[in-house]
Amino acid sequence: MFEGLTNKLEGIFRKLRGRGILKEEDVLSALKEIRLALLEADVNFKVVKDFVERIKGRAIGQEILQSLTPGQQVIKVVHEELTSLMGESYKKTHLSPNPPTVLMLVGLQGSGKTTTAGKLANLFKKEGRQPLLVAADTQRPAAIEQLSLLSSQIGVNFYGTKDGDNPIRVCEDATHKAKREGFEPVIIDTAGRLHIDDALMDELKMVREKILPHEILLVADAMTGQDAVNIAQRFDEALNLTGIILTKMDGDARGGAAISMMAVTGKPIKLIGVGEKLDLLEPFHPNRMASRILGMGDVLSIIEKAEASIEKEEALRLEKKLGTDSFTLEDFRGQLKQMKKMGPLSQILDLIPGLGKFRSEINIDDRELIKVEAIIDSMTKKERGNYAIINGNRRKRIALGSGTMVTDVNRVLKQFIQVKKMMKAFSRRPMGGKGGLNIAREVMKWQ
Amino acid sequence: MTGSEVKKLFYMENKKGVLGKLKDGLLKTRRNLTERIEGVFGGRIDAQALEDMEEILITSDLGVKASKEIIGIIERTDPVNLRETLKGEIFNILKKGEASLLTNGHKPAVIMVVGVNGNGKTTTIGKLAKRFKDEGKEVLLVAGDTFRAAAIEQLSVWGERVGVKVVKHKSGADPGAVVFDAIQSEKAKGADVVIVDTAGRLHTKAPLMEELKKIKRVMDKELPGAPHEVLLVIDASTGQNAIEQARIFHEAIGVTGIVLTKLDGTAKGGIIIAIIRELEIPVKMIGIGEKIDDLRDFNAEEFTEALFE
Numbered sequence: 001m002f003e004g005l006t007n008k009l010e011g012i013f014r015k016l017r018g019r020g021i022l023k024e025e026d027v028l029s030a031l032k033e034i035r036l037a038l039l040e041a042d043v044n045f046k047v048v049k050d051f052v053e054r055i056k057g058r059a060i061g062q063e064i065l066q067s068l069t070p071g072q073q074v075i076k077v078v079h080e081e082l083t084s085l086m087g088e089s090y091k092k093t094h095l096s097p098n099p100p101t102v103l104m105l106v107g108l109q110g111s112g113k114t115t116t117a118g119k120l121a122n123l124f125k126k127e128g129r130q131p132l133l134v135a136a137d138t139q140r141p142a143a144i145e146q147l148s149l150l151s152s153q154i155g156v157n158f159y160g161t162k163d164g165d166n167p168i169r170v171c172e173d174a175t176h177k178a179k180r181e182g183f184e185p186v187i188i189d190t191a192g193r194l195h196i197d198d199a200l201m202d203e204l205k206m207v208r209e210k211i212l213p214h215e216i217l218l219v220a221d222a223m224t225g226q227d228a229v230n231i232a233q234r235f236d237e238a239l240n241l242t243g244i245i246l247t248k249m250d251g252d253a254r255g256g257a258a259i260s261m262m263a264v265t266g267k268p269i270k271l272i273g274v275g276e277k278l279d280l281l282e283p284f285h286p287n288r289m290a291s292r293i294l295g296m297g298d299v300l301s302i303i304e305k306a307e308a309s310i311e312k313e314e315a316l317r318l319e320k321k322l323g324t325d326s327f328t329l330e331d332f333r334g335q336l337k338q339m340k341k342m343g344p345l346s347q348i349l350d351l352i353p354g355l356g357k358f359r360s361e362i363n364i365d366d367r368e369l370i371k372v373e374a375i376i377d378s379m380t381k382k383e384r385g386n387y388a389i390i391n392g393n394r395r396k397r398i399a400l401g402s403g404t405m406v407t408d409v410n411r412v413l414k415q416f417i418q419v420k421k422m423m424k425a426f427s428r429r430p431m432g433g434k435g436g437l438n439i440a441r442e443v444m445k446w447q
Numbered sequence: 001m002t003g004s005e006v007k008k009l010f011y012m013e014n015k016k017g018v019l020g021k022l023k024d025g026l027l028k029t030r031r032n033l034t035e036r037i038e039g040v041f042g043g044r045i046d047a048q049a050l051e052d053m054e055e056i057l058i059t060s061d062l063g064v065k066a067s068k069e070i071i072g073i074i075e076r077t078d079p080v081n082l083r084e085t086l087k088g089e090i091f092n093i094l095k096k097g098e099a100s101l102l103t104n105g106h107k108p109a110v111i112m113v114v115g116v117n118g119n120g121k122t123t124t125i126g127k128l129a130k131r132f133k134d135e136g137k138e139v140l141l142v143a144g145d146t147f148r149a150a151a152i153e154q155l156s157v158w159g160e161r162v163g164v165k166v167v168k169h170k171s172g173a174d175p176g177a178v179v180f181d182a183i184q185s186e187k188a189k190g191a192d193v194v195i196v197d198t199a200g201r202l203h204t205k206a207p208l209m210e211e212l213k214k215i216k217r218v219m220d221k222e223l224p225g226a227p228h229e230v231l232l233v234i235d236a237s238t239g240q241n242a243i244e245q246a247r248i249f250h251e252a253i254g255v256t257g258i259v260l261t262k263l264d265g266t267a268k269g270g271i272i273i274a275i276i277r278e279l280e281i282p283v284k285m286i287g288i289g290e291k292i293d294d295l296r297d298f299n300a301e302e303f304t305e306a307l308f309e
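From first to last, the protein sequence lines are chains A and B. Sequence positions in the first sequence follow the working numbering and run 1 to 447. Sequence positions in the second sequence follow the working numbering and run 1 to 309.
Heads up, some of the hints might be wrong.
As the list claims (entries may be wrong) - Think about it this way: if two alpha-carbon atoms lie no more than 25 Å apart in a straight line, the pair counts; the simulated SDA-like pairs of lysine to any residue are:
no., chain 1, residue 1, chain 2, residue 2
1, A, 337, A, 270
2, A, 49, B, 52
3, A, 126, A, 158
4, A, 396, A, 328
5, A, 46, B, 49
6, A, 371, B, 87
7, B, 137, B, 87
8, A, 371, A, 389
9, A, 92, A, 52
10, B, 214, A, 370
11, A, 162, B, 153
12, A, 270, A, 95
13, B, 87, B, 282
14, A, 371, B, 174
15, A, 382, A, 370
16, B, 170, A, 276
17, B, 205, A, 79
18, A, 49, B, 68
19, A, 337, B, 172
20, B, 107, B, 74
21, B, 68, A, 52
22, B, 65, B, 91
23, A, 32, B, 137
Stated by the list, open to error - Beta-carbon label-pair distances, calculated as ranges:
no., chain 1, residue 1, chain 2, residue 2, range
24, B, 189, A, 92, 50 to 60 Å
25, A, 370, B, 48, 54 to 64 Å
26, B, 180, A, 98, 48 to 58 Å
27, A, 337, B, 247, 45 to 55 Å
28, A, 172, B, 278, 42 to 52 Å
29, A, 155, B, 206, 25 to 35 Å
30, B, 247, A, 283, 26 to 36 Å
Bear in mind the hints are in silico, worked out from the structure with no lab data behind them. By construction, the Cβ of each residue, glycine as well, lies at the ideal position given by its N, Cα and C atoms.
Given the sequences, and given the hints that come with them, work out the whole structure.
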């Protein structure tokens, strides 16, 4: 995500970095490129105009021309302005002191409200809460069914009636039920609607008046073009949004809509959807996102991901083995399993600093990992304990068992030996329980 | 609004005729664009006029590249003809994108519908089925989206509404197998048109694009020449990413036409101009409303007229 913009800005700044002294025309030509890059990234025309003006004001001033490293200085100014455009820092969704907290999701058709409702419920459930999913989309065929299926997949409670029912009534009944039975929070999925459909927007206003939701979140597609400003503005005017959730961020849309929507509403983007699976909803961090746009990568996110998904004990157990000869294929498999929990590799790759330019050339296929696992699974316990005994015949058998080729088996063994060596090198330094990260780096080298 | 009212809306007769309906759907697009172009055309062609034109084109999602080239042409022409020139340029591009459905002469004709998540594939299929049925054709729907929760149910509801049969497997089944069974089935033998729904997928997910290729191979193997039409559904509010979507879907499975949906919002749908220019993929249909009849043939002249009226 945001790759294209990152590539472009990196290209511009590489030129700037190469010079000691920056002339005014250099700044102007850089700004011209930044303007085009932002427009191609679908940032709204007017928002870009304001942005560039602001940078121009700051960049052509003495601040830059007199500084020793003008290139760095331009980057700093652009980064600061981008961050401030997107909201200063991550705003957490807070729960009410008087439960139930009601969260209402609104948006256009197809923006991903129902899936997002499921993901939110999943998030709260993981925090140990008992959310209630409410199907107030009584309009789209099978929308109620979809949310009901999602809630049983996640294992949370569900409230829904039947197609065509009055959504206001559904919401009222659901909040009563939550109050009675102690569900917290209540997550309401509403029908998709056009921001210019007055009748349906009025319906939402009525739900708002009756239920008084604590959060009204606009669910918007990251691929949205120039119209993002109209959509966000209309929904905000009608409902006074508390925030935005940006979906489908796992595609290659440059996501300028994020900047546009925040600029016109002043409302924060709280969460981003980064995949179809129900755990792929993440906090939005404006400052990190700005770093990412500028090609600085996002180290913090990687570390948080690693911490959240790698079980401490398992990591400790593995760490003890590192650098000793007792690190076996069995342990290797354990590490792969831990790493898989961090999420698709392609996503982790997006976060690596300095990769911007090359990111598009690296095509990571997560199925490759599954293959590796299958191969190790097809070994006997003895083989996993001592790779040295795996001769030609055994390799043939393993290939057959895992549905792969002997060359695949050879490759995995080679990779294992590399990791083993690398582990030895790393074990000389303290690792802080993040063994998976090193593996991630190593896997990237294989591609 | 009650359920029955909603249903009434769905079935409401179209009393305005095709052109009137199209114009209605494009009203906001037109109003916005035209009002501002009149403003631009009122004055002389100077730096400000050019910048205003750039704003109009960019905010219609034409993209930087297409906008630049169109403005380049305008700059080289007589300012007196500014309006006609701009209109002519856009019409010329759109005209190249005009084409009709390739369903004639095949029995059954197979239409595969693809696209990213949430752009209106299933709704479009419902509308398409209605249209073919109104033409007196026997239609069979195939629930190839076995991934998204309740997608099969959603297509089934459309099947009931329109009164056509739906071939479906369980959720989670292999979509290739669903398609195989559908084409093998007796129902397909009697059908004039078979419309295959597929799960929404981001074009960047290589394994999912492979899956589409496989589904297409299955069709061709069971019924040589099928699918006769591969329709890529694009949401009119999509920005520049639509070009990448079109490019990658096209490379993977050979898109024969685009359906531009949700033109009843405030989005301009200008991205199709860029897609036609760069990729030469025709636009077959446009979705201009939520009602079951709100699917229209794409017509370059009407589209341009509606933009400039």
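Cross-check of the supplied hints:
1. A:337 with A:270: violated (30 Å)
2. A:49 with B:52: holds (13 Å)
3. A:126 with A:158: Roughly 17 Å between the alpha carbons, so the hint for residue 126 (chain A) and residue 158 (chain A) holds.
4. A:396 with A:328: Holds: residue 396 (chain A) and residue 328 (chain A) sit about 20 Å apart, inside 25 Å.
5. A:46 with B:49: Within the cut-off at roughly 16 Å; holds.
6. A:371 with B:87: violated (55 Å)
7. B:137 with B:87: The given pair, whose Cα atoms are some 38 Å apart, is violated under the 25 Å limit.
8. A:371 with A:389: Distance of about 21 Å is within 25 Å: holds.
9. A:92 with A:52: violated (30 Å)
10. B:214 with A:370: At roughly 20 Å apart (the allowed maximum being 25 Å), residue 370 (chain A) and residue 214 (chain B) satisfy the hint.
11. A:162 with B:153: Roughly 14 Å between the alpha carbons, so the hint for residue 162 (chain A) and residue 153 (chain B) holds.
12. A:270 with A:95: holds (14 Å)
13. B:87 with B:282: Between residue 87 (chain B) and residue 282 (chain B) the Cα gap is close to 19 Å, so the pair holds against 25 Å.
14. A:371 with B:174: holds (20 Å)
15. A:382 with A:370: holds (21 Å)
16. B:170 with A:276: It holds: about 19 Å lies between the C-alpha atoms, which stays within 25 Å.
17. B:205 with A:79: violated (30 Å)
18. A:49 with B:68: holds (17 Å)
19. A:337 with B:172: It holds: about 24 Å lies between the C-alpha atoms, which stays within 25 Å.
20. B:107 with B:74: Violated, because 47 Å separates the two Cα atoms, which is more than 25 Å.
21. B:68 with A:52: Satisfied, since the Cα-Cα distance of roughly 19 Å is no more than 25 Å.
22. B:65 with B:91: Holds: residue 65 (chain B) and residue 91 (chain B) sit about 17 Å apart, inside 25 Å.
23. A:32 with B:137: violated (55 Å)
24. B:189 with A:92: 50 to 60 Å: holds (59 Å)
25. A:370 with B:48: 54 to 64 Å: holds (58 Å)
26. B:180 with A:98: 48 to 58 Å: holds (56 Å)
27. A:337 with B:247: 45 to 55 Å: violated (36 Å)
28. A:172 with B:278: 42 to 52 Å: Distance hint for residue 172 (chain A), residue 278 (chain B) holds at roughly 51 Å.
29. A:155 with B:206: 25 to 35 Å: Since residue 155 (chain A) and residue 206 (chain B) have Cβ atoms about 31 Å apart, the given range 25 to 35 Å holds.
30. B:247 with A:283: 26 to 36 Å: holds (32 Å)
The structure does not agree with the numbered hints 1, 6, 7, 9, 17, 20, 23 and 27 stated previously, though it agrees with the rest.
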